[in-house]
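Could you build all of it, start to finish, from the sequences and the hints given here?
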Amino acid sequence: MDYSEKWGTDVDTAVKLALDDLQLTIDEVDVTVLEEPSRGFFGIGSKLAKVRVEKKKPVKVEEKKQEAPAAKEAPKTEISEKKEITEKPVRTEKQKKTQTSNEPENRTSSPKRNNNNRKDRNSRNNKPRKERRDRELKEFHEPIEPVIARVPDEELTVCENHIALDFLAEVTEQMGLSLDITAKEGGDALYIDIQGKDSGTIIGKRGQTLDAIQYLTSLVVNKDQEKYTRVVVDAENYRTKREKTLEMLAIRLANKVVKTRRSVKLEPMNPYERKVIHATLQNHPYVTTKSEGQDPYRRVIIELK
Numbered sequence: 016m017d018y019s020e021k022w023g024t025d026v027d028t029a030v031k032l033a034l035d036d037l038q039l040t041i042d043e044v045d046v047t048v049l050e051e052p053s054r055g056f057f058g059i060g061s062k063l064a065k066v067r068v069e070k071k072k073p074v075k076v077e078e079k080k081q082e083a084p085a086a087k088e089a090p091k092t093e094i095s096e097k098k099e100i101t102e103k104p105v106r107t108e109k110q111k112k113t114q115t116s117n118e119p120e121n122r123t124s125s126p127k128r129n130n131n132n133r134k135d136r137n138s139r140n141n142k143p144r145k146e147r148r149d150r151e152l153k154e155f156h157e158p159i160e161p162v163i164a165r166v167p168d169e170e171l172t173v174c175e176n177h178i179a180l181d182f183l184a185e186v187t188e189q190m191g192l193s194l195d196i197t198a199k200e201g202g203d204a205l206y207i208d209i210q211g212k213d214s215g216t217i218i219g220k221r222g223q224t225l226d227a228i229q230y231l232t233s234l235v236v237n238k239d240q241e242k243y244t245r246v247v248v249d250a251e252n253y254r255t256k257r258e259k260t261l262e263m264l265a266i267r268l269a270n271k272v273v274k275t276r277r278s279v280k281l282e283p284m285n286p287y288e289r290k291v292i293h294a295t296l297q298n299h300p301y302v303t304t305k306s307e308g309q310d311p312y313r314r315v316i317i318e319l320k
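Numbering-wise (this note's numbering), the sequence shown opens with residue 16 and increments by one.
Careful: at least some of the hints might be erroneous.
Claimed, not checked - The calculated label-pair distances, taken between Cβ atoms and stated as ranges, are:
#	residue 1	residue 2	range
1	274	169	37 to 45 Å
2	251	176	38 to 46 Å
3	301	70	46 to 54 Å
4	238	195	20 to 28 Å
To be clear, the hints were calculated from the coordinates, so they are not data collected in a lab. For each residue, glycine too, the CB sits at the ideal point set by N, CA and C.
Right, here's the structure in full:
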């Protein structure tokens, strides 16, 4: 076996396992990192490193063979050139006129005219269909309601003391962040808003840190509780902005699918973001959506109906 693929908590560990498998040293192999490791947040969303270790191929030294110089092509003599010229058939002016007069008139004009007529008919038939499709797509661009319904602010009450506030204050303090945290509750939901100069850190790349904190907070709030409370943690109105961005992305990709007639696969998303894509396009006149794969690599596919 000339190669080995191994998983490890980090790249060095994975490489060492592959070297032990191949019984080679690091100088005898080429290393390719297939997947970078990720610690995640509090162990959530962590990923292992994956490497491919392949034995180096020996370099072959080929002796340069002296190639015999190609024989020069003998120059054509004046006699042979004249012979080639005289061998080509030459038509007289009389023969040209005779051939032209014998050809049927408008031999190619009829098929061209038929093709043009066919194209004109297809163009006239497709024009109303295209106009109707453009009108439906334009109407579909109208603003839509938020995918995740929120309890109106007038129905919410401010929480001064709540286990979620105590938990988040402790977490952000351990992270060394300076943030202002407020909470409101109403119905079966608890809305937590985070503001401050370090809010960008609490959001993380594409909201991954914010999602992890929301998940942990939900576990704390619903522990040993008979009635489930939906917890929504937001920072600097990130979730509303992200939802609008996903809606615009879904509509743009849907129009691309209609135009190219080819399916589009989106990048892996969490369940909330996939729900936004599905809900945005559920009433689209020409495309449909589905999900494939396993979390955290599950993704949405947009395709024609």
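* **C-beta pair residue 238, residue 195: status relative to the range 20 to 28 Å that was hinted** => Check passed, 25 Å falls within 20 to 28 Å.
* To do: Given the hint of 37 to 45 Å, check if residue 274 and residue 169 actually sit that far apart at their C-beta atoms.
  => Since residue 274 and residue 169 have Cβ atoms about 44 Å apart, the given range 37 to 45 Å holds.
* Could you say whether the range 46 to 54 Å given as a hint is met by the Cβ separation of residue 301 and residue 70? => 52 Å, holds
* Asked: Cβ-Cβ distance between residue 251 and residue 176: within 38 to 46 Å?
  -> Violated: the Cβ-Cβ distance is about 24 Å, outside 38 to 46 Å.
Hint 2 from the earlier list is the only one contradicted by this structure; the remaining hints agree with it.
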